[in-house]
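S.K.: Spelled out from the first residue to the last, the chains are:
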Amino acid sequence: MSENYEPNIVAFLCNWCSYAGADLAGTSRVQYPANIQVIRVMCSGRVNPLYVMNALQQGADGVLVSGCHPGDCHYMEGNFYARRRLGMLKDLMEFVGVDPRRFHMSWVSASEGNKWKEVVEKTVEDAREAGPFEGFRRRQIDW
Amino acid sequence: MTEKPKIGVYVCHCGINISATVDVETVADYALKLPNVEVARTYSYMCSDPGQVLIKKDIKEHGLNRVIVASCSPRMHEPTFRKAIQEAGLNPYYLEMANIREQCSWVHQNIDEGTAKSKKLVAASVAKVRLLEALESKEVDAEPSALVIGAGIAGIQAALDIADAGFKVYLVEKTPSVGGRMAQLDKTFPTLDCSACILTPKMVDCASHPNIELLSYSEVEEIGGYIGNFEVKVRKKARYVDFDKCTGCGDCATECRVKDRFPSEFDQGMGKRSAIYLPFPQAVPAKYTIDPEDCLFLSKGKCGKAPKCAEACRPGAINFDQVDEIVEFKVGAVIVATGFDPFDASRKPEYGYSDYPNVITGMEMERLVSASGPTGGKLKIFTGEGEIEPKEVAFIKCVGSRDESVGNVYCSRVCCMYVAKQAHLLRDKLPDANIRVYYMDVRAFGKGFEEFYDRVRRENVRYIRGNPSEIFKRGDKLVVKVEDTLTATPLEDEVDLVVLGVGLEPRDDMRQTMELLRLSQSPDRFFLEAHPKLRPVDTATEGVFLAGCCQGPKDIPDTVAQAKGAASSAMIPLARGKVMISAQVATVDESTCRGCGFCVNICPYKAIELVTVNRYGHEIEVARVNEALCKGCGSCSAGCLSDSIQPKSFRDRQILPQIAALGVLK
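Protein chains in written order, with the working numbering: chain A, 6 to 148; chain B, 833 to 1498.
These are computed hints drawn from the structure, not numbers from a lab.
Just so you know, these numbers come straight off a predicted model, no measurement behind them.
Every residue, glycine too, gets a C-beta built ideally from N, C-alpha and C.
Be careful, since some hints might not be right.
Chain A regions said to be covered by chain B (calculated; three or more residues, Cβ under 8 angstroms) [what the hints assert, rightly or not]:
1) 44-56
2) 103-111
Pair ranges (Cβ atoms, derived) [stated by the list, open to error]:
3) Ser1237/B x Glu126/A: 42 to 52 angstroms
4) Gly76/A x Ile943/B: 51 to 61 angstroms
5) Val101/A x Ser1301/B: 42 to 52 angstroms
6) His1450/B x Glu126/A: 27 to 37 angstroms
7) Val101/A x Ile1158/B: 16 to 26 angstroms
8) Gly76/A x Glu1097/B: 22 to 32 angstroms
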């Protein structure tokens, strides 16, 4: 592991809670590591577990999926699907030998700018400890 | 896709909000080298008129067919830029925003990091925007009616405004009477109008208005649908009194076997009511209600030989067999005006609210000084030894507000003034009493507030800066232990009566309302508005608006102003008669769908059904989406085995390139 390794994190955030919470962190000028790049989806239930694997294949060192708190989903039950699907994925990842520290799920509401910061810090820190991901890299897709 | 994407990238400085931590020129130069990017520019304020003109001009001159704006959050300005590119003749859904302000420049301080991250976000947007599809928003009819939840002053005002404009309003109130908290108040600050005098005419109006259907003693059970077409289910709780027959004479309550045994909710438990009751004399509707828990016949099955209320009721309105009734209707918009709860003073045990009867809350004080209150407006305080007229009175402000120990950091905005008002009213009634107010700060910010506060101080009400640490009993007196922080003097102040200036809290049943309408809370736990400044009455759920203290503590003028704002916003879809429904819905590729029905089970809105189609001469089942019901969450898609069902604008083929762009560009 190189000295100045900076993990590359891809995050999937639901539009209504976590993305709004991340926006609030911005409005409140909360500072957090710049390693995280966000992809906005309407609901955490949209996040196909394969997206997580895909992100790791494409070059991410860590992945975060964040949605509304269970029970607060803007679409009633989307985050329950996310929780179940991605919980299974996490087990599978461990099974196939991917360090579970590379994948995080969190529930951040639209009012939790500070929690968002904590989640990002934890995710980045864990991915840093896990080191650069050299696992099942696929050929780079020329997009 | 037939036409080749021609992308314009617009990087906003946002004054120095972005440009201070992101080298916008570098980002634009970088963008220009990305595939299919024709133009990349920066501008100080993209959202301003010249900024939008810049984009529109480029669309025409360069024949752009995709636009990326790298600026603030899409939650802020996506509609603005969609509209702009639409005006230039592009499909509004050919837009992608890169959030380089809220999620980049504002949260990172290092300009190299900010610039590098902005580049990646722009690249990911380029990856996605090329693959976006043109979408058409559809218009559907909107029901010309509204639902107002809560009939305090906010709900009443909103309902009256909408009804006066000619639309039907369903006004749902949980308790037996409209009026809410304002009905409990004696006088209102700073003008000292009598609260009942200004409120009761409005209460009567909303009950008699031809366009308002008042559903009192009712609760909203379910709200489905979407803006313009909400389907509402309301439970009208059984009053055990025939609504049409009851004349409100009150003979039943006088004859009730458990007459005046139960604490009256309206009088904050200081007065008593019977099991059959009218919450207060001016209640609207003036119809009696039996509390099923208090009523002997309903709770124990036996009330003497026969219930006396039924015997006493000449119109024969008592009906013990009445059951809850479910009412269903459709509305185009919803206003939430569910109000607040006063802070529960027993959560500050050091103030002895639960221990000493002469420690009371501001709400109790309102009832005590009210001519219609339990003492007829006489200041009789029960001290434990007997009834006295207090000579020494202390008010304590900020009880349950600005107090992290109880989890309320916010200022409740009304306590400073209601305490001043109550001090004034007490001064009127007790000219010789010593009245003092313990305060942290005096916030007299509203119209006429400072003047009123000055007046009260001149009326020999002493303001002492200090936050009491404890209240305890010594002899027949209460001792307020406090430090006067202006003179640094510790005091043990002996008084007869302590009034706690309790703050406002979110209602304890707000969770229910949140789940009903998918609302969010702000950090203070009140309902979250769509934008703190520019959309203060809107919520994240389209067609649902907020009025009054459910959104945050406010006084009556602010509540009324917000209610009027919510009413006028709610009337927009009603007056237009049409609403746009989102075009970002799911769609099925029927050629690959295998008809397993997983998506049908997943969909929370029952928007997907299996239909039989003919494929190459074979009858097969495939999924089909009802676009009016679909809200575009995409849960179906993540569960689809063949990736056949896809939410538009968030398709796999639109998201995967974003992932690739973010991963590859380490």
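S.K.: Next step is simple, just say for each hint if it's right about the structure.
M.R.: Hints, verified against the model:
Only residues whose beta carbon comes within less than 8 angstroms of a beta carbon in chain B count, and the segment 44-56 of chain A has 11; three or more means the coverage holds. Counting residues of the segment 103-111 of chain A whose beta carbon lies closer than 8 angstroms to any beta carbon of chain B gives 0, which falls short of the minimum of three for the stated coverage. One distance hint, 42 to 52 angstroms for the beta-carbon pair Ser1237/B and Glu126/A, is violated here, with the actual separation near 27 angstroms. Judged by the Cβ atoms, the range 51 to 61 angstroms given for Gly76/A and Ile943/B is violated: they are separated by roughly 41 angstroms.
Checked against the given bound of 42 to 52 angstroms, the beta carbons of Val101/A and Ser1301/B, roughly 60 angstroms apart, lie outside it. Between His1450/B and Glu126/A the CB atoms are about 56 angstroms apart, so this pair departs from the stated range of 27 to 37 angstroms. Checking the proposed 16 to 26 angstroms range against Val101/A and Ile1158/B shows it is violated: the Cβ atoms sit about 52 angstroms from each other. Our hint of 22 to 32 angstroms for Gly76/A and Glu1097/B holds, since their Cβ atoms are close to 29 angstroms apart.
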